[in-house]
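Engineer: Sequence:
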Amino acid sequence: MCPGVENDGPGDCPHCGMALEPPLRRAEVKWFCPMCPGVTAEGPGICPQCGMALEGSALDPQAEDPELRDMQRRFWRALVLTLPIAVLAMGPMIPGWPLRDALSASTSRWVEALLATPVVFWIGLPLLGRGVRSLKTWNLNMFTLIFLGVGCAYLFSLCALLAPGWFPTAMRTKEGGVGVYFEASAVIITLILLGQVLELRARARTGSALRALLELAPLSALRLEDDGAEREVALDQVQPGDRLRVRPGGKVPLDGVLLDGSSHIDESMLTGEAAPVPKACGDRVIGGTVNAHGSFVMRVEQVGANTLLARIVQLVADAQRSRAPVQQLADRVAGVFVPAVVICALLAAALWLGFGPEPRLAFALVSAVSVLIIACPCALGLATPMSITVATGRAAGVGVLFRNAETFERLREVDTLVIDKTGTLTTGRPTLQHIETVAGADDSELLALAAAVESNSEHPLARAVAAAASERAVTVPKALDFSAQPGRGVSARVGSQRVALGNARMLTHPDPAVLACGERLAQQGHSLIYVEVDGETRGVLAIADAVKPDAARAVAALEDSGLDVIMLSGDQHVAAQQVAEQVGIAKVHAGMLPDEKLAVISELQRAGRVVAMAGDGINDAPALAQADVGIAMGNGTDIAMESAGVTLVKGDLMGIVRARRLSMATMRNIRQNLFFAFVYNVAGVPIAAGALYPWFGAMLSPMFAAAAMSLSSVSVIGNALRLARARV
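The numbering of the sequence shown is the working numbering, which starts it at 1 and goes up by one.
What the hints contain is simulated information worked out from the structure, not anything from laboratory work. Treat the hints with care, since some could be wrong.
[What the hints assert, rightly or not] Distance ranges between label pairs, derived from CB positions:
no., residue 1, residue 2, range
1, Asp260, Leu219, 21 to 27 Å
2, Phe696, Arg73, 35 to 41 Å
3, Pro278, His434, 21 to 27 Å
A virtual CB, placed ideally from N, CA and C, is assigned to each residue, including glycine.
Take the sequences, apply the hints, and build the full model.
Structural biologist: Below you can see the structure in the form of structure tokens.
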């Protein structure tokens, strides 16, 4: 209650008397390079490979990027000093220039030098420092070229200002001075800073999906104490087993199970589905989702980093920092690119010195500096990481989690999809499908009697009967004298009637019509519960694992995209074939053990197939790990999720369709970025070297080269950001 009051151990506050609490543990923060996956450090600093500022692994939705803030300040300071330099340098070229007679050429050069020096060596110090570091470690990168280009322009100008006699007569003006390029060095620094600001702002946008996820979690929860009182507490004070009250319109604080009440939960931010999901007693609720209406009490099961929301954020963050195989091509090119650019700059300078018009040294300097600046490989380095970062955020927004960048590339190449049945194509829990009664019997009455008996059992089929009665708002009477007959069924007294439920062996007077109906339902893959009242057969309940509503639509969409869809199931052939027919799958393997599922995947791979496997259970984990791409249902087991490269938060099969579409869009976007970066550099270097001079009589100014280099990086970032709006 009293900020600033601290102690080395437990005790009471000297101001208010409250008991002191231990400090919260801060999550360990790692620092990583946004352009070089795999480069990490214990604290902030500079990437030893590319020179970019390292970013922290802990995301704070309210935090401002210190690198962006610093670059913005430097840019505005540089702009204030650079504008007068540009005016002084370019003004004399304008007819009627008012300062033509007020300032001599010599005075103008000295003013430019005084203004350019702080721009280069104070404001631009971080950029030059990164260039020096790259030369010391021989990790040549974009800052190497900036350092060499700006350094050459500034040192040439300084020598021309202080010792014009060192230069050939052809380079001197009538006043005896030599042309300087202070404006070029200052403008280059200013434009590079502008490019850094635009790039950092764009990169900040790529984390919007993660920040939106982080902001889902409320700051506090309403805990029910043992005495029944409700107390608002900070979220970090809630422990597993605590009971929390969630009011209408409020956010679910943490993962848990609904204990009392019912509601509809908006899970759209985590699953991408807009329709609220109905929740009743026993259903799981996810922290960060929104309680649409209805008050309920929940029991907390997961807190902190174990919640689904925290795991999603971690998975997305890890995927954004991973390296796609396609990046290896860019890495190999970048490894030789900077030395090649330096050679091109030296070659251009040599050609101008040997064959160019007077003043040759000036032309040689301009061409060399322009080549060094325009060929900065920043766009090449950003091509893949930016696309992966944006795509993982977009995927998380529609309920699809990619483990790493490699999965994006691999999923696009998949030609065969193997799908488990239970929990993947089906809901994974038995539900009542049909009620068949003898003539004159009432369905609701029969269900009420069956639910009364089954309410005493924990068997999955019993829970399906009780759930069906609750969904249909059937009044369930109280059952007494419950007893179980192993291998046959259960019975109890409901009112004045003795009700028995079980298989056909439990029946004392089997009804031929009911038995025939049951046999027909069994052939369709249903589990049967016969109902007998006072020794007379009244009907049969058919229970099955219901097919997910979107399963058939998803299978059709996957097959239309060119995938060969195969079902693997550990269930009996009749049940598996029934589900396959409902969803439209022609190839079915039933009665499969985990090692047999693994063998099927391996056989397909030996045949040259690129295989994706979708499953949700422990028995699917070996096959998920063996497949080229494993796809786990988010409503399945943790082991399945750990074995998979893609996790579908909601567990709906349309998530596979979304994942594959996004995979294809991402790889297409990466190739576009790499094409832009390669073509830009291939075309830019000869132009900067002076290839157009023989036809147009003009050289590319280093200032325009700097602007073009910055715009190339921004164009790559802009193209990557299109993935945030990709239609999946």
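Engineer: Against each hint, give a clear statement of whether it holds in the structure.
Structural biologist: Each hint, compared with the structure:
1. Asp260 <-> Leu219: 21 to 27 Å: This hint holds: roughly 24 Å between Cβ atoms.
2. Phe696 <-> Arg73: 35 to 41 Å: holds, 39 Å
3. Pro278 <-> His434: 21 to 27 Å: Given range 21 to 27 Å: holds, Cβ gap about 22 Å.
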